[in-house]
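**Student:** My request is simple: use the sequences and hints to build the entire structure.
The C-terminal position of the sequence shown is numbered 280 in the numbering used here, with every residue numbered one higher than the one before it.
In short, the hints are calculated from the structure, not lab data. From a predicted model like this one, the values you see are computed outputs, not experimental measurements. Treat the hints with care, since some could be wrong.
Straight-line C-alpha distance at most 25 angstroms; calculated BS3-like pairs for lysine-lysine [to be verified]: (1) Lys103 - Lys87; (2) Lys87 - Lys34; (3) Lys103 - Lys34; (4) Lys111 - Lys34; (5) Lys275 - Lys255; (6) Lys255 - Lys62.
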Amino acid sequence: NAVAIIDIETATVKNVAGLGFKDHSVHAFDASDKDGKINIRTWPVMGMFMPDTIDAINIDGKEWVLIANEGDSRDYDGYSEETRVGKLPLDPVAFPTASTLQKDENLGRLKTTTAQGDVDGDGDFDVIYSYGARSFSVLDADGEMVFDSGDAFEQILAANYPNVFNSSDTENYSRDNRSDDKGPEPEGIASGYVNGTPYAFIGLERQGGFMVYDLTNPTNPQFVTYHSDRRFSGNPENDTAGELAPEGLQFVDAKDSPTGNAMLVVASEVSGSTKVYDLK
Numbered sequence: 001n002a003v004a005i006i007d008i009e010t011a012t013v014k015n016v017a018g019l020g021f022k023d024h025s026v027h028a029f030d031a032s033d034k035d036g037k038i039n040i041r042t043w044p045v046m047g048m049f050m051p052d053t054i055d056a057i058n059i060d061g062k063e064w065v066l067i068a069n070e071g072d073s074r075d076y077d078g079y080s081e082e083t084r085v086g087k088l089p090l091d092p093v094a095f096p097t098a099s100t101l102q103k104d105e106n107l108g109r110l111k112t113t114t115a116q117g118d119v120d121g122d123g124d125f126d127v128i129y130s131y132g133a134r135s136f137s138v139l140d141a142d143g144e145m146v147f148d149s150g151d152a153f154e155q156i157l158a159a160n161y162p163n164v165f166n167s168s169d170t171e172n173y174s175r176d177n178r179s180d181d182k183g184p185e186p187e188g189i190a191s192g193y194v195n196g197t198p199y200a201f202i203g204l205e206r207q208g209g210f211m212v213y214d215l216t217n218p219t220n221p222q223f224v225t226y227h228s229d230r231r232f233s234g235n236p237e238n239d240t241a242g243e244l245a246p247e248g249l250q251f252v253d254a255k256d257s258p259t260g261n262a263m264l265v266v267a268s269e270v271s272g273s274t275k276v277y278d279l280k
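**Tutor:** Given below as structure tokens:
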């Protein structure tokens with residue numbers, strides 16, 4: 001949950017910049033796959049940004065770092081920190097309504113960690129943490145966060161794709177299936193200039209497709225569109241569901257493109273496919 005800043009010329013680590021935590025009592029999200037509805041609201045939870053892909057772009061002579069805040073637990077044969085909020089012993093002072101919070105339709109199903117949160121070491125948990133931030137963020141060259149997209153990804157999907165909101169990447173019409181994990185799960189990120197305008201492209205591993213943001217003002221990027229070539233009418237097992245689980249994104253500058261236009265290359269993990277988009 002940090003970014004290392006390395007001076008490549010001298011091969012030295014200049015700084016490790018901690019990303020802190022996202023306060024979900026301010027920034028809403030859907031926490032349950034068992035509530036039977038889309039329920040984007042605030043909760044007493046701290047989100048660990050834990051970026052997957054990182055990219056950088058120069059805008060007006062300044063470097064900006066872009067991070068896709070996927071989140072990931074340590075869950076191995078020899079050690080696992082992963083559990084659900086419903087199984088955590090919660091501190092009665094910090095969480096006086098614990099019995100309500102821990103219902104499956106509230107926070108009970110949310111994936112959380114046993115590795116931190118017991119602030120006073122008394123065996124119960126004073127803070128609840130979740131994996132990822134369901135967003136993308138912009139950092140300055142020193143690793144200071146200057147922008148986070150908040151709950152925008154889930155809000156956009158809820159408004160425009162309610163029947164397939166927070167779907168799994170292996171099963172179509174699995175509405176709300178990933179809400180207890182990492183939601184649409186931003187995974188890959190790429191950036192570059194299209195006709196002189198800087199853009200960020202953020203792939204959503206579980207939901208599919210990618211978000212596009214205008215980075216003209218890197219401290220306040222503007223949502224442009226969401227594009228997906230996932231086909232919910234198809235069958236993932238029969239390879240008829242289109243592009244599933246974008247893992248890696250690569251931007252191709254117009255000067256390097258065979259079409260003369262900037263391009264975006266998206267490699268999708270579950271469908272095992274690569275698609276190239278001409279950006280005009």
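**Student:** Each hint: holds or not?
**Tutor:** Going through the hints against the structure:
1. Lys103 - Lys87: 10 angstroms, holds
2. Lys87 - Lys34: 16 angstroms, holds
3. Lys103 - Lys34: Holds. Lysine 103 to lysine 34 sits at ~10 angstroms (cutoff 25 angstroms).
4. Lys111 - Lys34: 13 angstroms, holds
5. Lys275 - Lys255: Holds: lysine 275 and lysine 255 sit about 20 angstroms apart, inside 25 angstroms.
6. Lys255 - Lys62: Given pair lysine 255, lysine 62 holds - Cα atoms ~22 angstroms apart, limit 25 angstroms.
Violated hints: none; the structure is consistent with every hint.
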